[in-house]
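Peer 1: Sequence:
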Amino acid sequence: MLDIKFVRENPELVKENIKKKFQDAKLPLVDEVIDLDQKNRAAIAEASDLRAERNALSKANGPLFGALKKAEGAERDAIQAEIDANMAKVKANDERLAALEAQEADFAAEIRRRMLLIPNIIDPSVPIGPDDSCNVEVQRFGDPAVPDFEIPYHTAIMERFNGVDMDAAGRVSGNGFYYLMGDIARLHEAVLAYARDFMIDKGFIFCIPPFMIHGNVVEGVMSQTDMDAMMYKIEGEDLYLIGTSEHSMIGKFIDQILPEVALPQTLTSYSPCFRKEKGAHGIEERGVYRIHQFEKQEMIVVCRPEESMDWYEKMWRWSVELFRSMEIPVRQLECCSGDLADLKVKSCDIEAWSPRQQKYFEVCSCSNLGDAQARRLKIRVKGADGKMYLPHTLNNTVVAPPRMLIAFLENHLRADGSVTIPEVLWPYMGGTRVLIPKQ
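Everything in the sequence shown is counted per our numbering, starting at 45 for the first residue and increasing by one.
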């Protein structure tokens, strides 16, 4: 969410940013917000004048009450009339003041409702385009290879190890769920444990957060569009299942004033994630690619504004380092303006190589959200000079199995159906170096 003062002083810049994000339907919001803000400030100013006048009238009545006790006859009647006139004005002011205060609350609510819909100002380096087809490949890491044998669909590979049961999950929970078992389940947990330790070695604090959050936290960390498409609400309660641990990790700082010396906050969190995943999906999104529940290791940073772009660079590069340590080729893809969620200033995807499909697919997403989440959640920092300012927040996927298992299995599959385990995972797999199929 933008600062209302910024919108007031830079309406054309805000409108141009909306156009860059190809959301022209939102252009009227800017003028509506400015008009409501003018009316709100006028109401606030009038209310302030009324309070000052009320105080002056009350103060003036003090000496009049004293004089009334000593006065007699016509003089007493005149003083009483003046007191009554002042009291009538105070009563009228109180009635008008109550109406103005109600207007202020209504104006503030309407302004906030619209402000939540206006997208954040994107970084000048973001490529301009209407959708993900305009995302730009920046660089590749590792050599993508295609073996000389056929690679089965990922669930078929898992089934060779008796490692997945989609049918049973369908009977128990419906489409979009799965059972992982045996070596595949162990591999899943090994990757998560390795990712946890990888981030701890980078200096991050490990955290297991709440898996449900209040509605005001949801509103603080994501746009309404993303919320409707993603979040499961607990019926009859002000609780939502998290779609990613970023939600509860950033929410941890809601309504807090952080001392500047406590920055940066660098946290890595494990959680299950729950998503509606609305919409139709293609054949390559069968299996465990797009699902309603999965587990993830996440990283989040809360930092000084001038440091956020440096953290952004570090964070996506750690994703590359992690996947390359598991011998999986990846590339960095810069997200274009139309593919950025409304709160994001800049974002990139790390995509893993799929030798079966002979293309890359998303496994990590790194985002700098500027001060948008901090403003929504009222997270503030007290500087060394005593002044308050809003920090910047960032998040990035460390690893999100079981999706990353697709890349892992395809890139480590051998012609005989076995799967090699890279050295970094040996300790987490009890020393196992090769998975042998059961079928």
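Everything labelled a hint here was simulated from the structure, so no lab data went into it.
Note that this is a predicted model, so its numbers are computed, not measured.
Heads up, some of the hints might be wrong.
Claimed, not checked - Below 25 Å or equal to it, Euclidean Cα-Cα: the simulated PhoX-like pairs (lysine-lysine) are:
#1 246 <-> 70
#2 246 <-> 277
#3 296 <-> 246
#4 49 <-> 59
#5 59 <-> 83
#6 83 <-> 64
#7 296 <-> 426
#8 431 <-> 403
#9 296 <-> 83
#10 70 <-> 83
#11 431 <-> 49
#12 277 <-> 83
Said to hold, decoys possible - Cβ pair distances, simulated, as ranges:
#13 371 <-> 320: 52 to 62 Å
#14 250 <-> 320: 27 to 37 Å
#15 63 <-> 193: 21 to 31 Å
#16 139 <-> 354: 49 to 59 Å
#17 237 <-> 464: 29 to 39 Å
#18 305 <-> 60: 33 to 43 Å
#19 462 <-> 301: 25 to 35 Å
#20 135 <-> 272: 39 to 49 Å
Heads up, the beta-carbon is just placed ideally off N, CA and C, and yes, glycines get one too.
Peer 1: Confirm or reject each hint.
Peer 2: Here's how the hints hold up against the structure:
no., hint, verdict
1, 246 <-> 70, "violated (41 Å)"
2, 246 <-> 277, "violated (35 Å)"
3, 296 <-> 246, "holds (21 Å)"
4, 49 <-> 59, "holds (15 Å)"
5, 59 <-> 83, "holds (21 Å)"
6, 83 <-> 64, "violated (29 Å)"
7, 296 <-> 426, "holds (17 Å)"
8, 431 <-> 403, "violated (50 Å)"
9, 296 <-> 83, "violated (35 Å)"
10, 70 <-> 83, "holds (21 Å)"
11, 431 <-> 49, "holds (18 Å)"
12, 277 <-> 83, "violated (36 Å)"
13, 371 <-> 320: 52 to 62 Å, "violated (34 Å)"
14, 250 <-> 320: 27 to 37 Å, "holds (28 Å)"
15, 63 <-> 193: 21 to 31 Å, "violated (50 Å)"
16, 139 <-> 354: 49 to 59 Å, "holds (56 Å)"
17, 237 <-> 464: 29 to 39 Å, "violated (19 Å)"
18, 305 <-> 60: 33 to 43 Å, "holds (38 Å)"
19, 462 <-> 301: 25 to 35 Å, "violated (56 Å)"
20, 135 <-> 272: 39 to 49 Å, "holds (47 Å)"
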